[in-house]
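Novice: Protein chains in written order, with this note's numbering: chain A, 16 to 221; chain B, 16 to 221.
Read the hints as simulated data drawn from the structure, not as lab findings. Incorrect hints may have been included.
Given that identical chains are not distinguished, each listed pair holds provided it fits within a single copy or across any two copies.
[What the hints assert, rightly or not] Only pairs whose alpha carbons sit at most 25 Å apart, straight line, appear in this in silico SDA-like list of lysine to any residue:
{"#": "1", "residue 1": "K39", "residue 2": "G209"}
{"#": "2", "residue 1": "K50", "residue 2": "T68"}
{"#": "3", "residue 1": "K21", "residue 2": "A219"}
{"#": "4", "residue 1": "K39", "residue 2": "V147"}
{"#": "5", "residue 1": "K181", "residue 2": "F116"}
{"#": "6", "residue 1": "K74", "residue 2": "I133"}
{"#": "7", "residue 1": "K181", "residue 2": "A150"}
{"#": "8", "residue 1": "K139", "residue 2": "V185"}
{"#": "9", "residue 1": "K39", "residue 2": "D82"}
{"#": "10", "residue 1": "K50", "residue 2": "C88"}
{"#": "11", "residue 1": "K39", "residue 2": "A177"}
{"#": "12", "residue 1": "K39", "residue 2": "H91"}
{"#": "13", "residue 1": "K21", "residue 2": "E84"}
{"#": "14", "residue 1": "K39", "residue 2": "E57"}
{"#": "15", "residue 1": "K178", "residue 2": "S188"}
{"#": "16", "residue 1": "K21", "residue 2": "E158"}
{"#": "17", "residue 1": "K179", "residue 2": "V196"}
{"#": "18", "residue 1": "K39", "residue 2": "R71"}
{"#": "19", "residue 1": "K50", "residue 2": "K139"}
{"#": "20", "residue 1": "K181", "residue 2": "D154"}
{"#": "21", "residue 1": "K153", "residue 2": "H91"}
{"#": "22", "residue 1": "K139", "residue 2": "R186"}
{"#": "23", "residue 1": "K74", "residue 2": "N114"}
{"#": "24", "residue 1": "K38", "residue 2": "A58"}
{"#": "25", "residue 1": "K139", "residue 2": "E84"}
{"#": "26", "residue 1": "K153", "residue 2": "T203"}
{"#": "27", "residue 1": "K38", "residue 2": "G95"}
{"#": "28", "residue 1": "K179", "residue 2": "M167"}
As the structure is a prediction and not an experimental result, all values here were calculated from the model.
Protein chains: 2
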Amino acid sequence: MNIPSKLIEDAVTEISRLPGIGKKTALRLALYLLKQHEANTEALALAIMRMRTEIRYCKTCHNISDDEECSICMSHRRDGTIICVVEDIRDVLAIENTNQFQGKYHVLGGVISPIQGIGPEELKIESLLLRVEAAAQKDPIQEVILALSATMEGDTTSFYLAKKLKEKEVRVSSIARGIPVGGELEFTDEVTLGRSIMTRTNYATE
Amino acid sequence: MNIPSKLIEDAVTEISRLPGIGKKTALRLALYLLKQHEANTEALALAIMRMRTEIRYCKTCHNISDDEECSICMSHRRDGTIICVVEDIRDVLAIENTNQFQGKYHVLGGVISPIQGIGPEELKIESLLLRVEAAAQKDPIQEVILALSATMEGDTTSFYLAKKLKEKEVRVSSIARGIPVGGELEFTDEVTLGRSIMTRTNYATE
């Protein structure tokens, strides 16, 4: 693609660095911005710059936060004795949307992935262990729920965490793996189906 | 979605104003930027701002340009007696990519669309007529090729332009409508097929 303007070419190059956006989409977005008021582009540029430079992370759970501690960690209505460990901020948002969890979170910032060169040190694992330890004195953490992806990397990370947490005398659980609600048996892969039979739960009649 | 940070929420709102990008994708892009170096976000913000504020349009053909006149209009190797009329800048890029056109362009900036409130005055139609007139004295324009979309709005605009250009004693042509290369007859709609028979061309044996 031979764009007759260096300015647009630069913008297209930068926009196409974003994940899932190719050169063609980037050009479409750039031309869209050109058609809009200058103030709109300014607002966009300013918002992403401010977000990048001013964002802070909660010192306790590493969730995104505008303050030193996030609103979930500061809330007295949330149960601080249950910690749900997730991979990133999107998972916190997803679980919050279910309204099924009243405890607090711990955001790892990724999962262990030797292929991508991510080891346990790159993640907030040490911080989780320290958090469990620190709480042990006054208000012990009862349970750590591992809510990581059901992928190889997620499972590896869960296994690693479970082993480390075992020494801390805390119940370690994992979110249920099984047939998704609405899923049909015949279209479920055998690993999921097999696991869902092995880890069957008592049928609640109430 | 309840994002626990005003900064991210603002960025997501701004990003999701872009066409084809919803709240979920915007959040994914925002979180991606947060994971990258600050310099990357700065480069992105600066590139789109510079593009928006410093871009210029060619005074002759209204194509994007870094100078007063675009590189195509300034080129002496392009045939200035043939003008290809297109809807927007992307069409110029698409036609340039074919390497089949050696004339110059005229970018209308849209097509006539009463539904969207776009009349002939909103487009660079007057400028096209003046351009044809001005050239008539020294180096007359021989042909105006209408290369607009094969939609109702495109056809309306072509019809309007053809009528206006008729008074100027210039050949007006339209890019061929027909079966796309690689297209199969049985899957072609009847309007296209009917038109392709009506506007059949002599078979070139050479």
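Novice: Could you run down the list of hints and mark each one as holding or not?
Specialist: For each hint, the structure was consulted:
{"no.": "1", "hint": "K39 with G209", "in the structure": "neither (44 Å within a copy, 33 Å between copies)"}
{"no.": "2", "hint": "K50 with T68", "in the structure": "between (28 Å within a copy, 12 Å between copies)"}
{"no.": "3", "hint": "K21 with A219", "in the structure": "neither (65 Å within a copy, 41 Å between copies)"}
{"no.": "4", "hint": "K39 with V147", "in the structure": "neither (49 Å within a copy, 33 Å between copies)"}
{"no.": "5", "hint": "K181 with F116", "in the structure": "within (23 Å within a copy, 72 Å between copies)"}
{"no.": "6", "hint": "K74 with I133", "in the structure": "within (22 Å within a copy, 53 Å between copies)"}
{"no.": "7", "hint": "K181 with A150", "in the structure": "within (16 Å within a copy, 85 Å between copies)"}
{"no.": "8", "hint": "K139 with V185", "in the structure": "within (18 Å within a copy, 72 Å between copies)"}
{"no.": "9", "hint": "K39 with D82", "in the structure": "between (39 Å within a copy, 24 Å between copies)"}
{"no.": "10", "hint": "K50 with C88", "in the structure": "between (43 Å within a copy, 22 Å between copies)"}
{"no.": "11", "hint": "K39 with A177", "in the structure": "neither (45 Å within a copy, 31 Å between copies)"}
{"no.": "12", "hint": "K39 with H91", "in the structure": "neither (49 Å within a copy, 29 Å between copies)"}
{"no.": "13", "hint": "K21 with E84", "in the structure": "between (44 Å within a copy, 14 Å between copies)"}
{"no.": "14", "hint": "K39 with E57", "in the structure": "both (22 Å within a copy, 22 Å between copies)"}
{"no.": "15", "hint": "K178 with S188", "in the structure": "within (12 Å within a copy, 75 Å between copies)"}
{"no.": "16", "hint": "K21 with E158", "in the structure": "neither (56 Å within a copy, 31 Å between copies)"}
{"no.": "17", "hint": "K179 with V196", "in the structure": "neither (32 Å within a copy, 62 Å between copies)"}
{"no.": "18", "hint": "K39 with R71", "in the structure": "between (34 Å within a copy, 21 Å between copies)"}
{"no.": "19", "hint": "K50 with K139", "in the structure": "between (44 Å within a copy, 15 Å between copies)"}
{"no.": "20", "hint": "K181 with D154", "in the structure": "within (18 Å within a copy, 87 Å between copies)"}
{"no.": "21", "hint": "K153 with H91", "in the structure": "within (16 Å within a copy, 83 Å between copies)"}
{"no.": "22", "hint": "K139 with R186", "in the structure": "within (19 Å within a copy, 71 Å between copies)"}
{"no.": "23", "hint": "K74 with N114", "in the structure": "within (24 Å within a copy, 58 Å between copies)"}
{"no.": "24", "hint": "K38 with A58", "in the structure": "both (23 Å within a copy, 17 Å between copies)"}
{"no.": "25", "hint": "K139 with E84", "in the structure": "within (16 Å within a copy, 55 Å between copies)"}
{"no.": "26", "hint": "K153 with T203", "in the structure": "neither (46 Å within a copy, 75 Å between copies)"}
{"no.": "27", "hint": "K38 with G95", "in the structure": "neither (47 Å within a copy, 30 Å between copies)"}
{"no.": "28", "hint": "K179 with M167", "in the structure": "within (18 Å within a copy, 66 Å between copies)"}
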